[in-house]
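Go by the hints and put chain B onto chain A.
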Amino acid sequence: MNSLGSDFSRNWLRLSITTGLVVMIFYFGPLFYVVNISLQSQQQFLTQSMSLPSPISWSNFTQAWQEASMSSYFMNSIVYTVVPTVVALVFSVTLAFPISRRYIKGSRQLHALLTSGMFFPVALIPLFIESRMLNLYNNRLGYMILHIEDAMVFGFFLFVGYFRTIPKELDESAVLDGCGYLRFLLVIVAPLAKPALVTMAIYAGIQIWNDLIGPVVFLASPSLYPLSRGLFALYGTTAGQWTLLAAGVLIAAAPLIIAFLFFQRYFIEGAMAGAVKS
Amino acid sequence: MGLRPASQYHYDLNCKEKSFLSNVFKGRQRIVIYLTMIPGLLVFLLFGIVPSISTLIISFTNFTAIPGLPTNFIGLANYVYIFVNNAQGFIQSVEDTLLFAGGVIILQNVLGLWMASTLTKKFPGVTFFRTLVFMPAVLGVTVIGLMWTLIFAPSGGPAAELLSLFGTSSAFFGSTTWALPLVIFVQIWANLGFTTVVFIAGMNTVPRELHEAAMIDGATGWTNFWKVTFPMIAPSVTVNVILAAAGSLRTYDLIYVLTDGTNNTNTLGMYMFNTAFQGSSNLGLGAGIGILQFILTVIVVLILQKYLMRREEAMS
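Those sequence lines, one after another, are chains A and B. For the first sequence, my numbering gives the first residue as 255, with consecutive numbering after it. For the second sequence, my numbering gives the first residue as 136, with consecutive numbering after it.
Chain A with its partners taken away, still in its complex shape (with noise of 0.2 Å):
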C-alpha cells in the first residue's frame, strides 16, 4: 500500500514537471520572445535576435506608437468598448428582469426567443448589407451599434437565471414604500446582482475590444479604427519589420494582460457562461 502511494505520487510528480516546462516553454516563450525582440534594434535582430538586447532599444515602441497612430487607435478602441458594453448591460437588464419575474404576457415565449438568439447562425453578410442600408457603415455611432446585440443577448441568458435569486418580496416591498420600478432596479437589484454584471461587462468587453473581422467589414477609414485593426494595419505595412511588429503587438497585448490579471475570475465566469455561445 505504501509503496503504491508513493509509486502513485512520483508518477505524478514526473508528469507534473512535465506540464509545468510545456507551460512554461509554450505560454511563457513566446511572450518572452515578443518582449526581448521588442527591445532590440532592427540590426540586432538580423545578426543576433536570439540574444538578449544589447542596447536595449526603445525606439520600436515610439515608432510603432507614432506610425501606426496607436493612441487614435486606443482612444477608439475604448469608446467602441465602453459604449456598446454599458448599452448592452442596460437593455440586458430591463429585458431580463420582468421576463425572469414573468410580469409581462408572453414571458415565456419571449424568454425562449432571446436565448435561442445564443444560437443564431453567424450572420455577418446580411449585417454588411443592413449597415449600408442604414447608414451604419463607416462611421463610429454605427459601428458601435452593430456591437450592442451579441452583447446584450449574452447578458439577458446571464442575468435571467441570476434575477431568479433575488427575492421577489423585495419587489413587493419597494412597492408599498413607493419607490418606482427604474430606481428599484438601480438602487436595489443592481447593487444585488452586481457579480452577474460586472462578469458580463467585463467578458462583453474584451470581446468587442478583441473584434478584427467586424472592423475589417463594417470600417474602411483607418481613422475609424480600433487597436485590433489597426494593429492588423501595422503587420500589413511593416512587411519584414519585425522587431517593429513585435512593439505594436505588446503595446496592444499590455492593457489586456494588466486587465486579466485584475479580472481573472470574472472572464473565467464569463467564459463558462458564454461557452454554449461560441
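No lab work stands behind these hints, which were simulated from the structure alone. Certain hints may be false.
[What the hints assert, rightly or not] Here are the simulated BS3-like pairs of lysine-lysine, each with C-alpha atoms no more than 25 Å apart in a straight line:
(1) A:Lys359 with A:Lys422
(2) B:Lys441 with B:Lys362
(3) B:Lys257 with A:Lys359
(4) B:Lys161 with A:Lys422
(5) A:Lys422 with A:Lys448
(6) B:Lys257 with B:Lys362
[Said to hold, decoys possible] Partial list, computed: chain A residues near chain B (C-beta under 8 Å):
(7) Leu349
(8) Met398
(9) Leu400
(10) Leu466
(11) Ser475
(12) Leu478
(13) Leu499
Ideal Cβ positions, reconstructed from N, Cα and C, are used throughout, including at glycine.
Showing chain B alone in chain A's frame:
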C-alpha cells in the same frame, strides 16, 4: 412532501398553470416596464432576427458589395456555381474544414485532459501555470496571430533558428504542408485554457474516496485516471467536444490573420469571408457558402452529440 413555499413557486419555470405572474408594479410603473423593454427588443429584431433569417434569402441573389450593380434573384445559381462550376474548390474547402476541425477537436481535448489532470494536483507554481494557460483567451486573434507570425517568421524567428540547427528550413505558414498543422496548433494554443478549466471543474466533482479506494485495490496512476476519473467526467468531455466542434467548424478570424486561407487552410468560413468581402465581393455567393457551412456544422454537431450522449449513458 408537503406544500412548497409560495416564494419558491414563483421561480419555478416549469409551472404550467400560469403564463405570467401577477405584476406587483401597477399603473404608470407598469408602462415604464414595457417602455424600457422596447429598445432592447428593437435591437434584437433588427440585428439578431432579421440578419439570421436573411442569409438564406441573400444566397438566392447576386448581391455584391460594389455599389451601382443591380441585384436580382437568381434562384439556385450560386449553389450551382459552388457544386458544379467550382466543385473542386468546394471539395478542397470542405476537406480543409474537416481536417482543421478534426485536428482541433481531438488534440485540444487530449491536451486539455492532460493539463487538467496535472494542474489539479498541488505543486509549486500550479496557479501560475493555470493562469498562463488561460491567458490567451483574453489576448484576441490579432495579438495571438501576429505573435505566432513572429515566432514562425521564415527567417530570423526562433522556429527557423531551431530548424537551422538541424540543417533544414521551412516557410511555415507559407508552406502548403505545414500551414494547416500550424494553424491547428495556434487555434489549440488559444483555446486550451478554456478546455482545461472545464475539465478541472469536472475533475473537482470526482470524490477523493473513489481514487483512494481504487489505489487500495492496486490501481496505479494511469489506471486510476482511465477507470475512475475519465468515466466520471463524461459530461465535461461532451461539453468540450461539442464546443470545440461548433467553434472550429465556424471560426476563421485566426486563420484570416495567419494565412488568409492560403496553403490549404481555406476552410468554409474563410472561403465565405473571402468570397463576400475580398476580390469580387460577391455577397450572394458568400451567403450560399455560409448556409452550407451552417448545414455542415449542424450535421457534425448533431452526430457528435448523439454519440456522446449514448456514451455518457453507457458509462453511468
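Here's how the hints hold up against the structure:
The straight-line distance between the Cα atoms of Lys359 (chain A) and Lys422 (chain A) is roughly 18 Å, inside the 25 Å bound, and the hint therefore holds. A C-alpha spacing of about 23 Å is found between Lys441 (chain B) and Lys362 (chain B), which places the hinted pair at or below 25 Å, so the restraint holds. In summary, the hint linking Lys257 (chain B) to Lys359 (chain A) is not supported, as the alpha carbons are separated by about 52 Å, beyond the 25 Å threshold. In summary, the hint linking Lys161 (chain B) to Lys422 (chain A) is supported, as the alpha carbons are separated by about 15 Å, within the 25 Å threshold.
The straight-line distance between the Cα atoms of Lys422 (chain A) and Lys448 (chain A) is roughly 17 Å, inside the 25 Å bound, and the hint therefore holds. A distance of roughly 22 Å separates the Cα atoms of Lys257 (chain B) and Lys362 (chain B); the hinted pair therefore holds under the 25 Å criterion. About 4 Å separates the beta-carbon of Leu349 (chain A) from the nearest beta-carbon of chain B, less than 8 Å, and the hint is met. Annotation: Met398 (chain A) was flagged as interfacial toward chain B, and the flag is violated, the nearest CB pair being 12 Å apart, outside 8 Å.
For Leu400 (chain A), the suggested interface contact is upheld, since its CB lies about 7 Å from the closest CB of chain B, less than 8 Å. Restraint check, Leu466 (chain A) versus chain B: the minimum CB separation of about 5 Å is within 8 Å; hint holds. For the restraint placing Ser475 (chain A) at the interface with chain B, the shortest Cβ-Cβ distance is roughly 16 Å, beyond the 8 Å limit, so the hint is violated. With its C-beta approaching chain B no nearer than about 16 Å, Leu478 (chain A) sits outside the 8 Å limit, and its interface hint is violated.
Residue-level restraint check for Leu499 (chain A) holds (minimum Cβ-Cβ distance to chain B is 6 Å; threshold 8 Å).
Comparing the model with each numbered hint stated earlier shows that hints 3, 8, 11 and 12 do not hold.
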